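Protein chains: 2
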Amino acid sequence: MTNVSLETIAHLAQKRGFVYQASEIYGGLRSAWDYGPLGVELLRNVREAWWQAMVRERDDIVGLDSSVILAPQVWVASGHVSSFTDPLVECTSCNNRFRQDKLESPDVCPNCAAKDPFTAPRQFNLMFKTFMGPVEDEGSVTYLRPETAQGIFINFNNVVRTARMKLPFGIAQIGKAFRNEITPGQFVFRTREFEQAELEFFCHPDEAEKWHEYWLEERMSWYEGLGMSESSLRLRAHEADELSHYAAATSDVEYRFPWGWDELEGIANRTDFDLKAHGEHSGEDMRYYDQERDERFYPYVIEPSAGVTRSAFAFLIDAYHEEEVREETRVVLKLHPRLAPVKVSVLPLSKKPELVGVVDEVADLLRPVWPIEVDVTQSIGRRYRRQDEIGTPYAVTVDFDTLEDRAVTIRERDTMDQIRVPIASLVDALRDKFAGVL
Amino acid sequence: MTNVSLETIAHLAQKRGFVYQASEIYGGLRSAWDYGPLGVELLRNVREAWWQAMVRERDDIVGLDSSVILAPQVWVASGHVSSFTDPLVECTSCNNRFRQDKLESPDVCPNCAAKDPFTAPRQFNLMFKTFMGPVEDEGSVTYLRPETAQGIFINFNNVVRTARMKLPFGIAQIGKAFRNEITPGQFVFRTREFEQAELEFFCHPDEAEKWHEYWLEERMSWYEGLGMSESSLRLRAHEADELSHYAAATSDVEYRFPWGWDELEGIANRTDFDLKAHGEHSGEDMRYYDQERDERFYPYVIEPSAGVTRSAFAFLIDAYHEEEVREETRVVLKLHPRLAPVKVSVLPLSKKPELVGVVDEVADLLRPVWPIEVDVTQSIGRRYRRQDEIGTPYAVTVDFDTLEDRAVTIRERDTMDQIRVPIASLVDALRDKFAGVL
Numbered sequence: 003m004t005n006v007s008l009e010t011i012a013h014l015a016q017k018r019g020f021v022y023q024a025s026e027i028y029g030g031l032r033s034a035w036d037y038g039p040l041g042v043e044l045l046r047n048v049r050e051a052w053w054q055a056m057v058r059e060r061d062d063i064v065g066l067d068s069s070v071i072l073a074p075q076v077w078v079a080s081g082h083v084s085s086f087t088d089p090l091v092e093c094t095s096c097n098n099r100f101r102q103d104k105l106e107s108p109d110v111c112p113n114c115a116a117k118d119p120f121t122a123p124r125q126f127n128l129m130f131k132t133f134m135g136p137v138e139d140e141g142s143v144t145y146l147r148p149e150t151a152q153g154i155f156i157n158f159n160n161v162v163r164t165a166r167m168k169l170p171f172g173i174a175q176i177g178k179a180f181r182n183e184i185t186p187g188q189f190v191f192r193t194r195e196f197e198q199a200e201l202e203f204f205c206h207p208d209e210a211e212k213w214h215e216y217w218l219e220e221r222m223s224w225y226e227g228l229g230m231s232e233s234s235l236r237l238r239a240h241e242a243d244e245l246s247h248y249a250a251a252t253s254d255v256e257y258r259f260p261w262g263w264d265e266l267e268g269i270a271n272r273t274d275f276d277l278k279a280h281g282e283h284s285g286e287d288m289r290y291y292d293q294e295r296d297e298r299f300y301p302y303v304i305e306p307s308a309g310v311t312r313s314a315f316a317f318l319i320d321a322y323h324e325e326e327v328r329e330e331t332r333v334v335l336k337l338h339p340r341l342a343p344v345k346v347s348v349l350p351l352s353k354k355p356e357l358v359g360v361v362d363e364v365a366d367l368l369r370p371v372w373p374i375e376v377d378v379t380q381s382i383g384r385r386y387r388r389q390d391e392i393g394t395p396y397a398v399t400v401d402f403d404t405l406e407d408r409a410v411t412i413r414e415r416d417t418m419d420q421i422r423v424p425i426a427s428l429v430d431a432l433r434d435k436f437a438g439v440l
Numbered sequence: 003m004t005n006v007s008l009e010t011i012a013h014l015a016q017k018r019g020f021v022y023q024a025s026e027i028y029g030g031l032r033s034a035w036d037y038g039p040l041g042v043e044l045l046r047n048v049r050e051a052w053w054q055a056m057v058r059e060r061d062d063i064v065g066l067d068s069s070v071i072l073a074p075q076v077w078v079a080s081g082h083v084s085s086f087t088d089p090l091v092e093c094t095s096c097n098n099r100f101r102q103d104k105l106e107s108p109d110v111c112p113n114c115a116a117k118d119p120f121t122a123p124r125q126f127n128l129m130f131k132t133f134m135g136p137v138e139d140e141g142s143v144t145y146l147r148p149e150t151a152q153g154i155f156i157n158f159n160n161v162v163r164t165a166r167m168k169l170p171f172g173i174a175q176i177g178k179a180f181r182n183e184i185t186p187g188q189f190v191f192r193t194r195e196f197e198q199a200e201l202e203f204f205c206h207p208d209e210a211e212k213w214h215e216y217w218l219e220e221r222m223s224w225y226e227g228l229g230m231s232e233s234s235l236r237l238r239a240h241e242a243d244e245l246s247h248y249a250a251a252t253s254d255v256e257y258r259f260p261w262g263w264d265e266l267e268g269i270a271n272r273t274d275f276d277l278k279a280h281g282e283h284s285g286e287d288m289r290y291y292d293q294e295r296d297e298r299f300y301p302y303v304i305e306p307s308a309g310v311t312r313s314a315f316a317f318l319i320d321a322y323h324e325e326e327v328r329e330e331t332r333v334v335l336k337l338h339p340r341l342a343p344v345k346v347s348v349l350p351l352s353k354k355p356e357l358v359g360v361v362d363e364v365a366d367l368l369r370p371v372w373p374i375e376v377d378v379t380q381s382i383g384r385r386y387r388r389q390d391e392i393g394t395p396y397a398v399t400v401d402f403d404t405l406e407d408r409a410v411t412i413r414e415r416d417t418m419d420q421i422r423v424p425i426a427s428l429v430d431a432l433r434d435k436f437a438g439v440l
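Protein chains in written order, with the numbering used here: chain B, 3 to 440; chain W, 3 to 440.
So here's chain B without its partners, still in its complex pose (with noise of 0.2 angstroms):
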């Protein structure tokens, strides 16, 4: 549990080299983030550890690839077209433009403080339009995914003729979606871009109740397996009038984010709306066939759909904590060692030649089994400092006592223990401390 506001999370993710700022040197795109050398690496721990618990260690679930440009009817049949929109309002005055559902106060602009200066709302679909092909008009038309999802269900039969698989089964996929969102923000939390994890679980409609509750239980399992501190999660159930249009019941893993509760994670039961549409829209057959009840009917769907950005900014924030030690405020980030970008540093005390040779003799040992940094910049306390401030488990400090015993010391992040280990033994000892962990 942490206590950290947005603003200083946000300016160490870009201090250190998390995130930057998109397209920062002309000015920035508003609500837009890139992710440097650190946060992809910790992108590429989320993303790993969601698809190890969901496919790679399980085998009713397999994955899938697809495109970020599906044909037009796609978000006819699933409803996108029609319904996937925000209500939008200008200020008459400013100028500005607001999702009216979100408005504070309905007859004055938070921007300008005119009174009742609203247009009418207008219902503004939140996808992405793009034409494919020379030609720019209605028939070119396409769209950026707003979702994965869509991507699974069109798929179901070619999964279950070519996967072979039967239900209940799943099929799980990482990857980018866009929503041109009015009013995105809270650093990386609601951008236009993001990268979505999400599964389909299909099953008979009998059992989708006990799976939604299945998958409830289990997605809050993983993120409490990362370290993520269970006073900071809660599962909120949708009200009726919240329930996006294709769902009988949702819900929502939340995190305790600095501006409080908020979405981590959306947990719904999406019925049969999806493979019926896209079978009505199609004229394909969708129904799949179970043998052993010798019956043919359309599937229901548990849709456990994460964030791969918006969970490693929880992942991040939970990890944030502040220490008083030796008077001094020691900021650290205590993220798992599945999730640190960096798993162990190597530090010499200083930058004296002697000390060349042997530090790289020990990040030759340890480049092959781990991602290491060697850090040779400035004081070995500032060092320190940046390692704690990364997430580093582990430190590795190289000394001139070094050069006559061989051994170096291994600093421990959470509690700053240090202890002194041959260099010959050097991978074994940290094999050890990572064992079970990683």
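Some hints could be false.
Stated by the list, open to error - Mimicking DSBU-like on lysine-lysine, the simulated pairs with C-alpha atoms at most 35 angstroms apart in a straight line are:
(1) W/K354 - B/K178
(2) B/K278 - B/K17
(3) B/K353 - W/K212
(4) B/K168 - W/K354
(5) B/K131 - W/K354
(6) B/K17 - B/K336
(7) W/K336 - B/K278
(8) B/K178 - W/K336
(9) B/K131 - W/K178
(10) W/K17 - B/K168
(11) W/K168 - B/K354
(12) B/K131 - B/K178
(13) B/K336 - B/K435
(14) B/K212 - B/K278
(15) B/K131 - W/K278
(16) B/K17 - W/K278
(17) B/K178 - W/K278
(18) B/K104 - W/K178
(19) B/K278 - B/K131
(20) B/K212 - W/K354
(21) W/K336 - B/K17
(22) B/K353 - W/K336
(23) B/K354 - B/K435
(24) B/K178 - B/K212
(25) W/K278 - B/K353
(26) W/K178 - B/K336
(27) W/K131 - B/K104
(28) W/K104 - W/K117
(29) B/K178 - W/K168
(30) W/K336 - W/K178
(31) W/K117 - W/K131
(32) W/K17 - B/K212
Note that these hints are calculated values from the structure, not bench results.
These numbers come from a predicted model, not from an experiment.
Here the structure of chain B is known, so what remains is to put chain W in place on it, guided by the hints.
Same frame as chain B, but now just chain W:
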């Protein structure tokens, strides 16, 4: 080396669930493809092998993950708005559109054979256009990135500052790119949506030629190290009239595709074109300050630009073999074990219920270590055929003797040799076989 036809490899890929036609139930989207359960694992393995070689195993390269949608000024500065075009002509008789520079005969329509039918060429920009925000006008136009490279260039200063990199160093990125190709085709070879793996390697201008040579060799070795046959790979330097607007020199790694030698990866010396252009357009100082030389200059950049999807396709083609075995043709994908989607299959000799327990036991032993597939459908012969066709290096067969002797048979994909090993030492036996290649 292999002589498989495009039709044969495309058929195998679709039958086994590597690739599906995108939006197939809606009649398909021309030249767009989705990746099924095996395809997604192959892509993951290609990505991982690239990242491992280009980032993880080196201390002079860091990663980045930048946005698909960048500020439109980026594409003005990079020259894409003005120069990333193909000459488009239309047949006035059948209205089909073609790239003028790819027409075999400039005065006969290849579709309807009309003579002298073409309109004057117009320069068609290959960038997909979209609109950010709720108003579709010139001010809201943005583009989907046609290459991941520009996301790297505009973050050059950010990376130098936060990751404290010193020349020579590289920034690597894997991600989707989009090009509105007039004539996509040849299965997954040229598609409008594709995945790039690009390295921008920055160096002093005086060292650019040396690094260009270095990266030509490195990239050839990467393909060969993953089993691609040397006789199907070659380097070809671009002629002056082939060079892109930004390049001083480019060599392609070419692969002998079923239709002939074609580009697998382009390795360009982009000079200081991009950093200079962004410096001039943005007003930011994009030069690098070299402490040792006490010199401020625009670095040159060497760019090995690979395709994840295209590489995966070439690896598939290269792995394809047909062999005569007992007067039958065996089709086998001799994929490098690192690339194989499934590392070990577990096959009970029959569906009889007494084998279920021991099959589960074997699967539970292997699943935490490698991606496995348990296959209980059809005859054992057909299941070997499937595993050969998807490139699984080892098949573990559980038979009725297993119930007595607690041993199983390991069948090697390439040699079809079989050895019997106790279940208790199965993991170790497989580890030995994978040693040095996985």
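- request: Could you grab the alpha-carbon distance between B/K336 and B/K435 and see if it respects the 35 angstroms cut-off?
  value: holds, 15 angstroms
task: Below or equal to 35 angstroms on CA atoms is what counts here, so check B/K17 against W/K278.
output: Distance of about 25 angstroms is within 35 angstroms: holds.
message: Tell me if the straight-line CA distance from B/K17 to B/K336 falls inside 35 angstroms.
response: holds, 18 angstroms
task: Given the hint that B/K354 pairs with B/K435, test it: the Cα-Cα distance must not exceed 35 angstroms.
output: Holds - the C-alpha atoms of B/K435 and B/K354 are around 30 angstroms apart, at most 35 angstroms.
Pair hint B/K178 and B/K212, alpha-carbon separation not exceeding 35 angstroms: Holds, at about 30 angstroms.
- prompt: CA of B/K353 to CA of W/K212, is that 35 angstroms or under?
  reply: Given pair B/K353, W/K212 holds - Cα atoms ~29 angstroms apart, limit 35 angstroms.
- prompt: Taking 35 angstroms as the top limit, are the C-alpha atoms of W/K117 and W/K131 close enough?
  reply: holds, 34 angstroms
task: For the pair we were handed, W/K104 and W/K117, check the Cα-Cα distance against 35 angstroms.
output: holds, 17 angstroms
- request: Measure nothing beyond the straight line between the CA atoms of W/K278 and B/K353; if it is 35 angstroms or shorter, mark the hint as holding.
  value: holds, 34 angstroms
message: Can you confirm whether the C-alpha distance between W/K17 and B/K168 stays at or below 35 angstroms?
response: holds, 18 angstroms
query: Taken at face value, is the distance from the CA of B/K131 to the CA of B/K278 at most 35 angstroms?
result: Holds, because 25 angstroms separates the two Cα atoms, which is no more than 35 angstroms.
message: Just to be careful, I want the Cα atoms of W/K336 and B/K17 compared with a cutoff of 35 angstroms; is the pair within it?
response: violated, 46 angstroms
The earlier numbered hints that this structure contradicts are 1, 2, 5, 7, 21, 22.
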